[in-house]
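There are 2 protein chains.
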Amino acid sequence: MRPLFHPAIEDIRPDAILYALSDPERAAIFAWLAGAGCGGTCSALADLGERTIPKSSLSNHFKVLRESGLIRSERQGVEMRNQTRCAELDERFPGLIRAILTAYGQLPPEMNTD
Amino acid sequence: MRPLFHPAIEDIRPDAILYALSDPERAAIFAWLAGAGCGGTCSALADLGERTIPKSSLSNHFKVLRESGLIRSERQGVEMRNQTRCAELDERFPGLIRAILTAYGQLPPEMNTD
DNA sequence: ATCAACAGTTCCGAATTTCTGAACTACGGA
DNA sequence: TCCGTAGTTCAGAAATTCGGAACTGTTGAT
Chain L
1 MRPLFHPAIE DIRPDAILYA LSDPERAAIF AWLAGAGCGG TCSALADLGE RTIPKSSLSN
61 HFKVLRESGL IRSERQGVEM RNQTRCAELD ERFPGLIRAI LTAYGQLPPE MNTD
Chain H
1001 MRPLFHPAIE DIRPDAILYA LSDPERAAIF AWLAGAGCGG TCSALADLGE RTIPKSSLSN
1061 HFKVLRESGL IRSERQGVEM RNQTRCAELD ERFPGLIRAI LTAYGQLPPE MNTD
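Protein sequence lines correspond, in order, to chains L and H.
For the first sequence, the numbering used here gives the first residue as 1, with consecutive numbering after it.
For the second sequence, the numbering used here gives the first residue as 1001, with consecutive numbering after it.
Worth flagging that the hints you see were computed from the coordinates, not collected in a lab.
Idealized CB from N, CA, C, for every residue including glycine.
Be aware that one or more of the hints could be misleading.
Said to hold, decoys possible - Where chain H lies over chain L, by a calculated footprint (3+ residues, C-beta under 8 Å):
no. : stretch
1   : 16-22
2   : 59-73
Stated by the list, open to error - Restricting the straight-line Cα-Cα distance to at most 25 Å, the calculated cross-link-like pairs of lysine to any residue (SDA-like) are:
no. : chain 1 : residue 1 : chain 2 : residue 2
3   : H       : K1055     : H       : E1088
4   : H       : K1063     : H       : D1114
5   : L       : K63       : H       : K1055
6   : L       : K63       : L       : V78
7   : H       : K1055     : H       : G1077
8   : L       : K55       : L       : F93
9   : H       : K1055     : H       : R1092
10  : L       : K55       : H       : Y1019
11  : H       : K1063     : H       : F1093
12  : H       : K1063     : L       : Y19
13  : L       : K63       : H       : Y1104
14  : H       : K1055     : L       : Y19
15  : L       : K63       : H       : E1088
16  : H       : K1055     : H       : F1093
17  : H       : K1063     : H       : T1113
18  : L       : K55       : H       : K1063
19  : H       : K1063     : H       : R1081
20  : L       : K55       : L       : A87
21  : H       : K1063     : L       : D15
22  : L       : K55       : L       : P3
23  : L       : K63       : L       : E79
24  : H       : K1063     : L       : R75
25  : H       : K1063     : L       : P7
26  : L       : K63       : L       : S73
27  : L       : K55       : L       : E91
28  : L       : K63       : L       : A8
29  : H       : K1055     : L       : A8
30  : L       : K63       : L       : D23
31  : L       : K63       : L       : A36
32  : L       : K63       : L       : R75
33  : L       : K63       : H       : K1063
34  : L       : K63       : L       : P7
35  : H       : K1055     : H       : Y1104
36  : L       : K63       : H       : R1081
37  : H       : K1063     : L       : A36
38  : H       : K1063     : L       : G35
39  : L       : K63       : H       : D1015
40  : L       : K55       : L       : P7
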């Protein structure tokens, strides 16, 4: 398996972020990761929504999220730990992630600063 | 020509907005409209960026923006007047449009509230 | 009224992208 | 070593996007 690619923070492009999160399934995965604290795995959410997502599709969703710069993935034994890059992202694109998750009605409690 | 469809504010979906603005060309058009005050026409920006956008593509970009709820288009004589729905949108999705335009580095001065 | 010019839309085929089942790789445990 | 689990890659089918050419609707001129 070739090593996982993660863009440097300065190479992250807003169009890639918007594209990645324009798929409700991916947005739900991202929101779930943002709320899960840390280390959400792939198989943990095979049926996050109403349908069962095929694992090849799930793998692809994670790849899109990773390569757009939204998450960081790291192999840990047999499974893959994923975490968001929210802190970095908020520095580069202030308010963006929060506004998007809020628009989806999926802002996790710990990201709420009201 | 069939009448132009504009979604009601409550039918606007965040995924459609993100999708529409995930195309840098469309985002530039939208930013330009947001800054143009009001009434930007289609042909006025055949070459907004470095390349000349074919008019069928331009027409399609406007359709995507319109049907996602980002802009309102109205025929005025022979041409089409377009304006953003920023005010409505900001009520429905607080901070979203601003954060996106800022991320693209295209927040027009009049939307700046710092 | 007819015609020409212009702004934009629609149509449709080519190219690109997305989706997902099946085969495959990687790791850990017995 | 062999098995099970987690996830990736491959490849073909389906869906989407792109853009040139033809078309529609409006205005202004003759």
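Tested hints:
no., hint, verdict
1, 16-22, "holds (count 6)"
2, 59-73, "violated (count 0)"
3, H/K1055 <-> H/E1088, "29 Å, violated"
4, H/K1063 <-> H/D1114, "32 Å, violated"
5, L/K63 <-> H/K1055, "34 Å, violated"
6, L/K63 <-> L/V78, "17 Å, holds"
7, H/K1055 <-> H/G1077, "19 Å, holds"
8, L/K55 <-> L/F93, "31 Å, violated"
9, H/K1055 <-> H/R1092, "32 Å, violated"
10, L/K55 <-> H/Y1019, "24 Å, holds"
11, H/K1063 <-> H/F1093, "21 Å, holds"
12, H/K1063 <-> L/Y19, "18 Å, holds"
13, L/K63 <-> H/Y1104, "23 Å, holds"
14, H/K1055 <-> L/Y19, "24 Å, holds"
15, L/K63 <-> H/E1088, "34 Å, violated"
16, H/K1055 <-> H/F1093, "31 Å, violated"
17, H/K1063 <-> H/T1113, "30 Å, violated"
18, L/K55 <-> H/K1063, "34 Å, violated"
19, H/K1063 <-> H/R1081, "13 Å, holds"
20, L/K55 <-> L/A87, "28 Å, violated"
21, H/K1063 <-> L/D15, "19 Å, holds"
22, L/K55 <-> L/P3, "19 Å, holds"
23, L/K63 <-> L/E79, "15 Å, holds"
24, H/K1063 <-> L/R75, "43 Å, violated"
25, H/K1063 <-> L/P7, "32 Å, violated"
26, L/K63 <-> L/S73, "9 Å, holds"
27, L/K55 <-> L/E91, "33 Å, violated"
28, L/K63 <-> L/A8, "15 Å, holds"
29, H/K1055 <-> L/A8, "36 Å, violated"
30, L/K63 <-> L/D23, "13 Å, holds"
31, L/K63 <-> L/A36, "19 Å, holds"
32, L/K63 <-> L/R75, "13 Å, holds"
33, L/K63 <-> H/K1063, "30 Å, violated"
34, L/K63 <-> L/P7, "12 Å, holds"
35, H/K1055 <-> H/Y1104, "24 Å, holds"
36, L/K63 <-> H/R1081, "40 Å, violated"
37, H/K1063 <-> L/A36, "38 Å, violated"
38, H/K1063 <-> L/G35, "35 Å, violated"
39, L/K63 <-> H/D1015, "19 Å, holds"
40, L/K55 <-> L/P7, "24 Å, holds"
Going through the hint list in order, the structure does not satisfy hints 2, 3, 4, 5, 8, 9, 15, 16, 17, 18, 20, 24, 25, 27, 29, 33, 36, 37 and 38.
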